[in-house]
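If you read the protein sequences in the order shown, they are chains A and S. For the first sequence, the positions run 1 to 580 when this note's numbering is used. For the second sequence, the positions run 1001 to 1081 when this note's numbering is used.
It is possible that some hints are incorrect.
Stated by the list, open to error - Computed spacing ranges between beta-carbons, pair by pair:
| # | chain 1 | residue 1 | chain 2 | residue 2 | range |
| --- | --- | --- | --- | --- | --- |
| 1 | S | S1060 | A | W265 | 17 to 25 Å |
| 2 | S | K1052 | A | N100 | 46 to 54 Å |
| 3 | A | D316 | S | E1035 | 52 to 60 Å |
| 4 | S | T1023 | A | Q61 | 34 to 42 Å |
| 5 | A | H457 | S | K1051 | 50 to 58 Å |
| 6 | S | G1066 | A | Q111 | 46 to 54 Å |
| 7 | S | T1024 | A | L11 | 21 to 29 Å |
| 8 | A | L261 | S | K1052 | 33 to 41 Å |
No lab work stands behind these hints, which were simulated from the structure alone. From a predicted model like this one, the values you see are computed outputs, not experimental measurements. Note that CB positions come from ideal geometry on N, CA and C, so glycine has one too.
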Amino acid sequence: MLEFTRLRRNLKKDFNGFKTVRVAILSDSSSQLLHQALKGHGYDRQLNYDIYEADYDQIEQQIFNPASELYDFAPELIIIAKNTHALLDRFYNTSISGRNGFAKKAAYDIQSLINKINGQLSAKIILFNFQEIDDKVFGNYANNLAHSFLYQVRKLNVLLMEEAQMQKALFICDLQQLTMLHGFHSALDNKTYINADQSWSLEFLPLIAKNISAIIESINGNFKKCLVLDLDNTLWGGVIGDDGLEGIQIGSLGIGKAFTLLQKWVKELKKRGIIICVCSKNIESVAKEVFEKHPEMILRPDDIAVFAVNWDNKVDNIHFIKSTLNIGFDSMVFLDDSAFERTMVKEAIPALEVPSLPEDPADYLPYLQSLNLFETSSYTMEDEHRTCLYKEEAERLSLQKVYQNEDEFLKTLQMEAEIAPVNTFTIPRAAQLSQRSNQFNLRTVRYTEADLEKIAHSPGYISFTVRLKDKFGDNGIISLIILKKDAQPSLFIETWLMSCRVLKRGVEDFILNRIVEMAATNHCETIIGEYLPSAKNALVKDHYAKLGFELEDSLWSLSVSSYKTKRAFIQNKIVQSEPA
Amino acid sequence: MEKPEILKGLVEVFDEIFENHNTTINETTTAQDIEEWDSLTNIELIVAVEKKFDIQFRSSEIETLGNVGDLRDIVFIKTAL
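Isolated chain A (complex conformation) (with noise of 0.2 Å):
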């Protein structure tokens, strides 16, 4: 069957109980059949797309006019799905004095598109590239001529790209990209462009709905945080307990450059925040000691957060590894040569990704690349840091063993925090944390960039966030604290998130002396706190609880004036509002 038919038959399925993400699809050319697919992969992704289609070609029409159908449905996405063969037929109705300034004047109509939405709503927008055609009326030479439309459209995917470098709420659905992975052939289909004004053909648009879909979960909050590596015929070739450190391969020499090309994109993983851990059933110190000192290892000793070496089943190890990061198994990829391991893995914790590694080494890199498995929709340069950051949790759990007494042991990680204003500073780290925190988040809002920086503006909102560091390090932006003062007068907690490396360490209560000495300064004599329950935040049930406030109707409610502050072993630093 065809994947495509497989997705529209989803159709009739039966989305009870999924997620319902609200989302605007307008297109210069018909979009019936990529609603289709989108709708269709959302099943396979347990997400309800609601999907308002707008009519053929009505994008201008739709955002510029304030009280259009886009607008009355109030979508939290929006799609703009522009056309190359669209684009290239307004190159062709340009005066060729015009051309030269095409992609400029298209992306400058593109950027307007985008304010008038900003203006009007808060939704997310994703943008099609532009699929690089080339017309062929100057062959090869149209790279030398700025007047080409192959010149003009590489230039306008790259303005794009400018465009969503400024715009924080504006993501970009790369077809040109997906074109390539595919082939410019079999991506497009002339007869269903001819008479139906559909260029993508019935075998792309699985793909396109499922580049769309991964944009939208992540920004939702769902990707991939954990690497998880196998080692022999994994990470290198051949087995080092039968090898040796001699023997492995790995370096340029033969297949060896498999292993160091695929050793080199995890360490580029490394240090876009990607937390690698490794898995393998060796003996520890003989595995270890590859990593110290063949001199042809990319991958150190300090870029793994967690070594689970040992005879144990590989299932226990996984486990192991996600609870000592605090993360779910649906953040988490595990990568593994045997077909054995990964088939047992895969059966004992559904919910990780286990990719099917092909047989040989030489196509492991280029087929993890094509999966995209590691969408991201933020990136800041904190994440760097991230694997050290949870070494460190290694090391203070290891030390928390050592005192019997908890007070005790808090008092010597010399504890200080930061406590700073969303400002401009640390928005796009508080914007990550929203999207990043499932577990330690009381109501799991999700904020873009653009939201915080609304709520910073907004007199209605107390918001700040909290960097904690001790003996071990800086622990960086863990918590983002946003109030909205109500009416009554009383704060709502409307966000209380924190990091899960901070557990048990008594920010909770230091963060409530704050939150309530901030009620006081504004004459609130309430705080009113919910907990809305996900799929994920079990662990903050009893948050309020735990903290004395009361339940009232639902909602957890602690009075200012008798509350006696909580002792906390955190010295407070405390950092003024945002320099000009």
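Chain A is fixed; fit chain S onto it per the hints.
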């Protein structure tokens, strides 16, 4: 490939694309007989038939299709080449 065999293959494609169509598909079946058979599912149908029989239709051939018999005859000619 013989015509009855082609028809059998076509029925398989129809069963995939039009679930529970409750129609006995034969030479005289047209888009009127199957509720879901519209311009959109027709795109799917054509691509699926092309794939099944490893052939390529021309746009003009798709336009002149009247019923399943016509479709079978075109497949017959193309697979015979």
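To see whether the hints hold, each was checked on the structure:
The supplied range of 17 to 25 Å is broken by S1060/S and W265/A, whose beta-carbon atoms lie about 49 Å from each other. Between K1052/S and N100/A the beta carbons are some 49 Å apart, a value that agrees with the proposed interval 46 to 54 Å. As the Cβ distance of D316/A to E1035/S is approximately 54 Å, the hint placing it in 52 to 60 Å holds. Roughly 41 Å separates the CB atoms of T1023/S and Q61/A, a value that falls within the hinted 34 to 42 Å.
A hinted range of 50 to 58 Å for the beta carbons of H457/A and K1051/S is consistent with their spacing of about 56 Å. The hint said 46 to 54 Å for the Cβ distance between G1066/S and Q111/A, and at roughly 50 Å that hint holds. The supplied range of 21 to 29 Å is met by T1024/S and L11/A, whose beta-carbon atoms lie about 26 Å from each other. Under the hint 33 to 41 Å, the C-beta atoms of L261/A and K1052/S, about 39 Å apart, fit the expected range.
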